[in-house]
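J.: Protein sequences, first through last, are from chains A and B. Each residue of the first sequence is one higher than the last, beginning at 1 in the UniProt record's numbering. Each residue of the second sequence is one higher than the last, beginning at 1 in the UniProt record's numbering.
Calculated directly from the structure, the hints in this document are not laboratory data. Treat the numbers as computed from the prediction; the structure is a model and nothing was measured. The beta carbon of each residue, even a glycine, is placed where N, CA and C say it ideally should be. Mixed in with the good hints, there may be bad ones.
Said to hold, decoys possible - Dumping the calculated EDC-like pairs for lysine to aspartate or glutamate here, alpha-carbon to alpha-carbon at most 16 Å: (1) B:Lys248 to A:Glu187; (2) B:Lys76 to B:Glu49; (3) A:Lys59 to A:Glu43; (4) A:Lys248 to B:Glu187; (5) B:Lys59 to B:Asp38; (6) A:Lys76 to A:Glu108.
Stated by the list, open to error - Sample of chain A residues at the chain B side, in silico, Cβ under 10 Å: (7) Gln93; (8) Phe98; (9) Met101; (10) Arg104; (11) Ser188; (12) Gln247; (13) Ser249.
What the hints assert, rightly or not - Away from chain A, derived, C-beta distances all over 10 Å, residues of chain B: (14) Leu17; (15) Tyr18; (16) Val19; (17) Leu35; (18) Asp45; (19) Ala66; (20) Gly88; (21) Thr171; (22) Tyr192; (23) Arg193; (24) Asp201; (25) Leu204; (26) Ser226; (27) Lys248.
2 protein chains.
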Amino acid sequence: MIQSHYMIANAPRRQPLYVQIKQFLLRRIAEGEWLEHDALPSEWDLAAEMSVSQGTVRKALSELVADGLLYRQQGKGTFVSPVLSDWGSALLQSPGVFDEMPDRLSCEFLAISRMNASDDMAVALQLRRHAPMFRVRQLWRGQGRPVALDEAYLPAERFDGMEARWFRSGTGVYATLQQRFGVRVVESREQYRAVMLPREDASLLGLSGAALEEPVLSVLRLTFSSVGERVEWRQRYCLSRDLALLQKSC
Amino acid sequence: MIQSHYMIANAPRRQPLYVQIKQFLLRRIAEGEWLEHDALPSEWDLAAEMSVSQGTVRKALSELVADGLLYRQQGKGTFVSPVLSDWGSALLQSPGVFDEMPDRLSCEFLAISRMNASDDMAVALQLRRHAPMFRVRQLWRGQGRPVALDEAYLPAERFDGMEARWFRSGTGVYATLQQRFGVRVVESREQYRAVMLPREDASLLGLSGAALEEPVLSVLRLTFSSVGERVEWRQRYCLSRDLALLQKSC
Numbered sequence: 001m002i003q004s005h006y007m008i009a010n011a012p013r014r015q016p017l018y019v020q021i022k023q024f025l026l027r028r029i030a031e032g033e034w035l036e037h038d039a040l041p042s043e044w045d046l047a048a049e050m051s052v053s054q055g056t057v058r059k060a061l062s063e064l065v066a067d068g069l070l071y072r073q074q075g076k077g078t079f080v081s082p083v084l085s086d087w088g089s090a091l092l093q094s095p096g097v098f099d100e101m102p103d104r105l106s107c108e109f110l111a112i113s114r115m116n117a118s119d120d121m122a123v124a125l126q127l128r129r130h131a132p133m134f135r136v137r138q139l140w141r142g143q144g145r146p147v148a149l150d151e152a153y154l155p156a157e158r159f160d161g162m163e164a165r166w167f168r169s170g171t172g173v174y175a176t177l178q179q180r181f182g183v184r185v186v187e188s189r190e191q192y193r194a195v196m197l198p199r200e201d202a203s204l205l206g207l208s209g210a211a212l213e214e215p216v217l218s219v220l221r222l223t224f225s226s227v228g229e230r231v232e233w234r235q236r237y238c239l240s241r242d243l244a245l246l247q248k249s250c
Numbered sequence: 001m002i003q004s005h006y007m008i009a010n011a012p013r014r015q016p017l018y019v020q021i022k023q024f025l026l027r028r029i030a031e032g033e034w035l036e037h038d039a040l041p042s043e044w045d046l047a048a049e050m051s052v053s054q055g056t057v058r059k060a061l062s063e064l065v066a067d068g069l070l071y072r073q074q075g076k077g078t079f080v081s082p083v084l085s086d087w088g089s090a091l092l093q094s095p096g097v098f099d100e101m102p103d104r105l106s107c108e109f110l111a112i113s114r115m116n117a118s119d120d121m122a123v124a125l126q127l128r129r130h131a132p133m134f135r136v137r138q139l140w141r142g143q144g145r146p147v148a149l150d151e152a153y154l155p156a157e158r159f160d161g162m163e164a165r166w167f168r169s170g171t172g173v174y175a176t177l178q179q180r181f182g183v184r185v186v187e188s189r190e191q192y193r194a195v196m197l198p199r200e201d202a203s204l205l206g207l208s209g210a211a212l213e214e215p216v217l218s219v220l221r222l223t224f225s226s227v228g229e230r231v232e233w234r235q236r237y238c239l240s241r242d243l244a245l246l247q248k249s250c
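Please take these sequences and the hints and turn them into a complete structure.
T.: The structure is reproduced here in structure tokens:
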């Protein structure tokens, strides 16, 4: 009953009850009550706990399953879907060495800021010209050394209320979208190019002097949610002198 | 009977008959008697035509199916498998424009030469140090303009007898491996990097002057056959100023 009050106090009144239940379950996942691949309590237990009907719980769960945020296993229950890593599926290897185990990468949150969409960005994300965006900057490290710099751009109106503290705890953009907004990232398209690193980004990647004259790998990612919504434009610069990005064909 | 004589005259005598039938069928595919997705005659017809038992034909066909060179459709027959394009699955687009239909690319055969494997190449292809290699160079064009230069390296002992005239007709490396050697390419790993174009390759890509100072996208591909054999090391340089290589996540 306490949780039910809490939920209703924090959700706009006009929303149907099952939508409130959806949001409440997402918040509990975001707060770590259930982790990836954890089983949720039964419909019956959830209904009793939140003082709502089992039918309302079933409807909320079904929508969360349809959106890919939960998954069902026949006869076993309903589980929390894993979150895609902000890094993506490519691996960093030494150039020409295909059988190498890549380093684990760590992600450091740098800053969140507001800006307007560039023309290409607005078209790709199907937004109006100059639409307001959040920009989340992250630095990737392998063995402690910087390897890549990310700028993730997210539509500010769609993801209203985004806060820096959500990222400071080490939670990535995709975990945030999943846990705070019920948006599950499942797919991306990536454009690869060779470019010279913008000067203002060089120091973040630890580059100076002659290294400034070296090309870097640009990865431009357009990210899609499980329901086909275009949710992110991400510009990555990867150091390329001693590193190559491995992709497998499919 | 004439074809049967032809076959036996051109195949080493010590090979079992079904292996000779396999090679004969591959040669007929290479010569264009059956194209991609064409149905082969029935086992009975092939046996009668080549004056061998139906069991021998069946064994040859089964191996060709197992190697991926032919495929079966229940109740419909046995068909010629399509060949993977030398280009691969990535698309060339304008940078930042994800919804563009890419140009059709054409491939021009430049030359075939012999050389020794580099150390990385030998390790990746599981060959001995300095193993002899064929190098096949190809130039890719979009709307008539050069867009990428390929150097495909193939183990010379494995693909003994490779001839330049096979490529001059416009047949790519993967079609040649499939039709002449019964090796079907199905999978690759690709390493992406940003590099400066080697000077000696610049003129082939139509670059001169200030354009020589621009980085290009390096794609290093390790190619696998349907039975997991490592058959090719391919170094590609893609012009990157107005082009990006698109990959979809899987």
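J.: Now, for every hint given, state plainly whether the structure supports it.
T.: Hints and how they fare:
1. B:Lys248 to A:Glu187: 8 Å, holds
2. B:Lys76 to B:Glu49: 20 Å, violated
3. A:Lys59 to A:Glu43: Since the Cα atoms of lysine 59 of chain A and glutamate 43 of chain A sit roughly 10 Å apart, the hinted pair holds (cutoff 16 Å).
4. A:Lys248 to B:Glu187: 8 Å, holds
5. B:Lys59 to B:Asp38: Violated, at about 20 Å.
6. A:Lys76 to A:Glu108: It is violated: about 37 Å lies between the C-alpha atoms, which goes past 16 Å.
7. Gln93: At about 6 Å, which falls below the 10 Å cut-off, the nearest Cβ of chain B leaves the hint on glutamine 93 of chain A intact, so it holds.
8. Phe98: Cβ of phenylalanine 98 of chain A sits 5 Å from chain B, so the hint holds.
9. Met101: Methionine 101 of chain A check fails; min Cβ-Cβ to chain B is 14 Å, beyond 10 Å.
10. Arg104: Check failed: Cβ of arginine 104 of chain A comes no nearer than 19 Å to chain B, outside 10 Å.
11. Ser188: 5 Å, holds
12. Gln247: 5 Å, holds
13. Ser249: 5 Å, holds
14. Leu17: Non-interface label stands for leucine 17 of chain B: nearest chain A Cβ at 37 Å, farther than 10 Å.
15. Tyr18: 32 Å, holds
16. Val19: Valine 19 of chain B clear of chain A: closest Cβ-Cβ about 30 Å, beyond 10 Å.
17. Leu35: The claim stands: leucine 35 of chain B keeps its Cβ more than 10 Å from every Cβ of chain A (closest is about 24 Å).
18. Asp45: Its Cβ never comes within 10 Å of chain A, the nearest being 37 Å, so this holds.
19. Ala66: Alanine 66 of chain B clear of chain A: closest Cβ-Cβ about 21 Å, beyond 10 Å.
20. Gly88: Non-interface label on glycine 88 of chain B violated, nearest chain A Cβ at 7 Å vs cutoff 10 Å.
21. Thr171: Holds: least Cβ distance 21 Å, greater than 10 Å.
22. Tyr192: Given that some Cβ of chain A is not farther than 10 Å from that of tyrosine 192 of chain B, nearest at about 5 Å, it is violated.
23. Arg193: At roughly 5 Å from the nearest Cβ of chain A, arginine 193 of chain B sits no farther out than 10 Å, so the non-interface label is violated.
24. Asp201: Holds, since 14 Å exceeds 10 Å.
25. Leu204: Correct as stated: the minimum Cβ-Cβ distance to chain A is 17 Å, above 10 Å.
26. Ser226: 13 Å, holds
27. Lys248: At about 5 Å from chain A, lysine 248 of chain B fails to clear the 10 Å cut-off, so the statement is violated.
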